[in-house]
Amino acid sequence: MDNSLTFLNSAWFWPVFVCWLLLLLVFMWKELSQFGKKHLYLKVVCVFFAVSSLALIALKPAVFEEVKLEKLLILTENFKEKQLDSLKREYHEIEVFDYRKQESLPDVENVQEIFILGNGIRDYDLWYFKDLSVVYLPGEINSGIIKLHYRQESKPGDRLEIKAEFLDPGIGGSLWLEDAGGNKLDSVIFASGEHTRFKLLTDLKTSGNYVFNITEKDSLGNILNRNPLPVKVGKEENLRVLILNSYPTFEIKYLKNFLAEVGHKLVVKNRITTGKFKFEFFNTENTLLGNLNKEVLEGFDLIISDSGAIRNLSSKEKNALQNAVRKDGLGILVLGNPNSLSTLGDFSVFELQTVATTQTVLNGFPGTTLERQAFQLKPEVGLEEIHTSNSSVLSAYKRLEQGRIGTTLLENTWQLQLGGKHKTYQQIWTEIVEQLSKRKLPIASWNPESTLIFKDEPFQFQLRTLIEKPRVLDENNNLIPLKQDLNNSELWTGKTYPRAEGWKQLKVEQDSVSVFNYFVYKTRDWKTLKAFHTLQKNNRFFSRKLVKDVKERMPVAINPLWFFGLFLIGMGGLWLVPKL
Amino acid sequence: MNKNGKGILISFQKRWQLLLWLEVFLYAIGAAVFTWFFSFNLLISSCVFVIVFIAVTVLKRPWKIDLQKVTGFIDRKCNKLEYSSGLLLKSTEELSGLAKLQQQKIAKEVEVESKQIRPEHKLETAGITLVVMMIIGFLGYYFGLTNHYFSKEITIPKEEILVFRPTDSTAEKYKVPVLKDQKLTINYPLYTRLANFTSSKMDIKAVEGSRITWELSFDGEVDSVSLESVGSHRSLYKNEGSYTGTLVLESSGFYNFRFVDTAGVSYVSDLYAIEVTKDKAPNITLEGLKQFNSFNYDDQKQIDFSAFITDDFGLANAYIIATVSRGSGESVKFREEKLFFDNAFKTGESNLNLTKHIDLNEMGMKPGDELYFYVEALDLKQPQTNISRSETYFAVIKDTVDYGAGVESGLGVDLMPDYFRSQRQLIIDTEKLISERDEISTEKFNKNSNDLAFDQKALRLKYGQFMGDEAEGGNGAGSEKATEDVHEEDLLADYTHDHDGNNEHNLVKEDDGHHHDQESEAEDPLADYLHNHGDPESSTLFTDNLKRKLRKALNIMWDAELHLRLYEPEKSLSFQYEALSLIQEIKNSARIYVHRIGFEPPPIKEGARLSGDIGEIDNYRKKEALERTDKYFFMRKSILRLEELKNSNFEISKTDRELFEKAGNELAEKAVNEPGRYLNTLQQLKQLADIQKNGNKFINEVQKGLLQALPNTSMKPGKQSGSGGKLNSLVLKELELDGQ
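Just so you know, the sequences run in chain order A and B. No gaps in the numbering here: position 514 of the first sequence is 514 in the numbering used here, and each next residue is one more. No gaps in the numbering here: position 486 of the second sequence is 486 in the numbering used here, and each next residue is one more.
Keep in mind the hints are simulated off the structure, nothing from the lab. Since the structure is predicted, the reported quantities are computational estimates derived from the model, not experimental observations. Beta carbons: idealized from backbone N, C-alpha and C, even for Gly. Errors might be hidden in some of the hints.
Unchecked claim - Not everything, but these chain B residues come out facing chain A in the computed CB check (under 8 Å):
(1) Ile614
(2) Ile617
(3) Asp618
(4) Arg628
(5) Asn647
(6) Lys704
(7) Leu707
(8) Pro717
(9) Gly718
(10) Gln720
(11) Ser721
(12) Leu727
Modelling step: build the complete structure from the supplied sequences, incorporating the hints.
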């Protein structure tokens with residue numbers, strides 16, 4: 001029993017004890033001096049009780065008891081009535097909290113068991129329930145889009161591909177993708193009412209931040225709901241490309257025209273004969289292009305070369321090229337005879353396997369037969385595929401520290417141009433050139449924790465930057481506090497609460513270019529998607545079942561009224577004794 | 001008597017009813033005419049007519065006039081009848097004696113009186129009402145009182161009324177001149193025979209060359225009115241209070257009006273489309289005809305076909321251009337003729353179904369000649385007519401001699417011996433003989449026929465020699481030996497046409513059959529049975545197949561000769577043709593063997609490549625800017641700007657308006673081809689650029705239109721953004737080390 005008594009405010013013990021002693025002495029001295037010795041012992045007892053009870057009120061003595069813990073029921077969106085009813089039947093006095101009303105959560109620490117019904121607790125509130133015993137009973141998800149995936153940042157000419165999953169569509173219902181102006185771009189019609197995966201496609205026409213819409217209609221064409229789809233279409237940035245050629249080929253000629261026509265800065269060095277070259281400058285200034293050195297190479301994002309031209313470089317030039325690739329991230333595309341790919345010294349990074357066929361249909365380009373060399377790239381660690389045909393790799397690259405070196409075994413693709421298949425040609429070379437080119441390294445890169453950002457809900461983001469003490473401001477120039485990662489000094493996290501819907505902005509004060517645009521949805525947008533996300537998060541979070549020890553003993557404070565009564569008795573005694 | 005009296009009463013009753021009906025009609029027509037002047041709407045007038053007609057009918061009740069009423073009326077009007085006309089209605093049997101007397105008396109009276117008594121009516125009142133109503137209506141119309149009611153609203157539907165908006169929003173405080181009347185007249189070109197068209201709708205769709213006249217009148221003083229079309233600007237002239245302007249349509253485009261009021265404030269209207277339709281060229285379809293028609297020399301050389309020709313505004317003319325070509329190579333001659341269709345042609349018809357019968361003989365065509373023809377049709381378009389022509393059709397009379405010309409080109413020199421041609425000469429001579437039959441004596445005819453037979457025989461023998469089997473032929477004509485002997489010298493000289501090439505090149509030895517017989521036997525008795533390839537003289541020149549053909553030809557020549565001998569050149573002729581065609585086949589098959597010589601380049605010495613003297617070769621530098629300028633730059637910018645405006649409450653600034661104007665210009669360039677499609681967006685852009693107008697819905701619509709007009713962008717590789725950082729590069733370095 002001794003062990004069972006404790007003070008809740010035990011930290012105050014000594015100060016309270018000193019006060020108690022002082023008060024006791026003062027009262028004693030007063031009693032002793034004023035009233036002789038009559039009833040003195042009675043008075044002393046009264047004084048002792050009164051002062052002690054005051055001290056106890058302050059110290060809050062508590063007794064360990066086997067507390068009977070309560071159970072809590074939290075109702076969230078789309079809970080099942082049946083589950084609620086049966087729980088209530090089981091636990092008559094269960095406390096019910098309605099999470100939907102957006103009130104602050106009750107104290108959940110001292111609850112024996114929590115039942116959560118419905119879609120669950122939003123991400124940002126889940127930490128409340130860490131290490132608590134929670135039973136999560138998922139609710140039912142309504143019909144609608146439950147999974148949505150698309151590239152939020154693209155550039156004009158890119159194809160926007162929206163992959164999504166639709167739960168329980170109505171038969172004959174349809175889904176329409178609309179652009180910012182409301183033009184219908186693509187649609188899906190649900191012939192059967194089953195769970196469907198689908199893709200919506202469109203080509204992006206112009207740059208800027210736009211809000212597309214996905215509209216759901218029933219079989220009669222009535223609009224059921226419309227959800228915004230933010231799309232960031234960035235500005236195109238031109239590449240600087242150097243083409244080295246030991247002899248002219250059609251492939252290079254057409255590639256050169258394609259790249260120059262779309263506006264890239266192009267320098268072509270074509271060998272006409274021994275020691276004589278033809279220099280061509282497209283969309284750029286006529287500069288002197290002597291030997292390749294650090295300064296010259298810094299001006300380019302990509303070098304397209306045949307193996308002969310690389311072989312003909314002096315060792316100094318080769319070193320400079322290697323350094324530019326490794327340190328600056330320059331890309332090299334080696335074209336030409338695959339046999340000579342292995343004779344390039346440091347630039348020979350690919351291993352080839354022979355195949356019998358010289359015709360191929362690339363994955364992702366059905367219906368277009370292309371010529372290829374009778375080789376394929378050997379799949380190995382570090383080989384990043386660009387184009388494949390079934391399982392054979394035809395275009396790929398390898399990383400050399402910051403840079404990339406790549407090749408393609410496709411041949412005579414220029415015939416596509418002649419055959420009028422411009423789009424295929426453009427797509428093939430766009431993929432190759434884009435993958436290999438030097439990357440733009442932003443001073444700050446932003447990484448939102450979730451793409452579903454709602455009004456008045458916390459939005460957490462990560463920022464990677466080399467800036468020493470970055471200061472992040474929102475669109476109204478409010479400073480957002482950042483937290484630095486313990487292990488990685490370049491990583492910062494911050495949290496903000498968007499107050500309005502629409503496009504919002506975060507920027508780094510030190511660098512005006514580092515702007516991050518994000519879209520804030522209205523609370524009513526993407527209900528099903530949000531519900532499904534929450535449900536999955538909750539399912540994962542509450543998968544471990546913790547059951548609290550039912551017999552746990554808890555210090556329970558003795559009701560201070562007792563001490564107050566004691567105090568009154570003491571005081572009353574002191575008042576009454578002189579009257580006796 | 002009784003019946004007579006009753007009959008009079010009935011006719012009186014009918015007259016009365018008729019008058020009442022007439023009265024009803026007059027009231028109704030009066031009301032209808034009156035409303036017509038106010039509404040100019042047939043429907044309203046007819047409704048009024050029906051309503052009034054029914055109302056007055058109910059009041060007058062013409063059907064209520066029965067015989068009782070008639071007798072009552074007559075009795076009242078005429079004392080002479082002593083109130084007894086009712087007796088006339090009853091049959092004589094029912095009446096008492098006295099009544100019978102009275103009835104008879106009255107019957108007489110009624111006959112006289114009924115002519116004097118007029119049925120009660122108010123026809124005059126009705127007539128006067130009609131006239132008065134017509135006059136009031138007409139006067140109202142004449143003095144324009146009626147305009148206030150219907151007519152204006154009906155002439156210009158609300159959506160067609162030109163709406164002018166001030167370009168400066170401060171202008172609102174002035175009194176704005178109001179457009180009173182708008183009129184657009186399209187005078188179609190005369191040849192289209194379309195009536196002139198007047199409308200209040202300002203969008204124009206008309207045929208090229210139409211004359212457009214605008215007429216605008218304003219309520220209030222206006223300083224100037226002008227018409228702005230894509231890039232151009234023309235003033236409208238003031239003419240009797242209204243502003244008019246005309247334009248001859250040449251190309252599609254847009255226009256809008258702008259007027260400046262006396263206070264110097266300018267107003268613009270919406271944008272309207274001009275869509276010019278071109279007068280299409282006539283469309284010709286020929287039926288019942290193959291593209292290539294070939295006839296044999298003995299076919300019915302006739303062509304029949306029909307031509308369907310249609311045009312949108314009527315045809316001016318249609319005919320056939322036929323060209324006959326004769327000969328080949330350098331000696332080819334052409335003759336062109338213009339043929340008309342068999343049916344009579346009516347100018348101005350837009351649908352024609354014409355037929356034509358062409359007889360090649362009538363056109364003077366011979367075997368080997370070719371006819372090319374096509375149909376040409378002209379429409380009525382002014383000043384430059386549209387001409388269209390059908391495909392060219394061919395008709396060929398097969399040449400009996402020369403076919404398979406395609407093979408000939410492979411060989412520069414004709415290697416075949418020329419005497420093969422003499423069969424043709426024989427045919428010509430035979431035909432000549434047949435045509436001369438009536439002119440020459442039978443004796444001469446027979447002789448000539450026999451001579452030809454001899455020629456035929458000679459030819460046959462020579463072919464036989466060519467094949468290497470002269471014996472057969474030589475012995476074949478034993479019976480005529482005598483004749484031959486007699487004529488031997490002259491016959492050969494006169495009729496074998498040596499100059500025509502029987503044996504000009506001496507490819508075959510000319511000798512006498514018997515003689516040869518003996519010689520060959522003497523030289524080599526086995527010659528006939530051997531295929532001696534070593535000796536070119538004795539080898540047969542043909543393959544087995546050809547040999548068979550030649551043998552067939554020789555047999556046919558036998559028949560030809562036979563009929564000539566029998567003095568039946570007509571019968572012989574068909575065999576001769578057959579023989580000729582076989583010989584042609586042989587000739588052509590022999591020509592297939594052509595030497596082909598290609599160009600063989602000398603082999604390239606790889607080692608010597610790129611090692612020549614390059615002293616004078618220098619580096620070459622070239623600079624070019626290939627980047628295409630973006631035709632839709634401002635349209636793109638506008639779309640982005642509109643997106644920003646949509647989601648905020650920004651005011652449209654001056655720079656925005658300039659941007660929208662430039663975007664409008666870009667769109668207009670694109671829209672010229674399809675004005676109808678982009679017109680709405682163009683109008684809205686103009687409104688955005690000129691006047692203060694916004695609102696999310698409006699902006700959304702403009703953006704939608706612009707996005708729709710923007711073509712898809714082609715793919716373009718761009719710069720991707722990567723992630724840098726110390727950690728990143730460290731990892732990459734480590735990875736590579738691991739790899740090695």
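Verification of the hints:
no. : hint   : result
1   : Ile614 : holds, 5 Å
2   : Ile617 : holds, 5 Å
3   : Asp618 : holds, 7 Å
4   : Arg628 : holds, 6 Å
5   : Asn647 : holds, 5 Å
6   : Lys704 : holds, 3 Å
7   : Leu707 : holds, 4 Å
8   : Pro717 : holds, 4 Å
9   : Gly718 : holds, 5 Å
10  : Gln720 : holds, 6 Å
11  : Ser721 : holds, 4 Å
12  : Leu727 : holds, 6 Å
Consistency note: the structure conflicts with none of the earlier hints.
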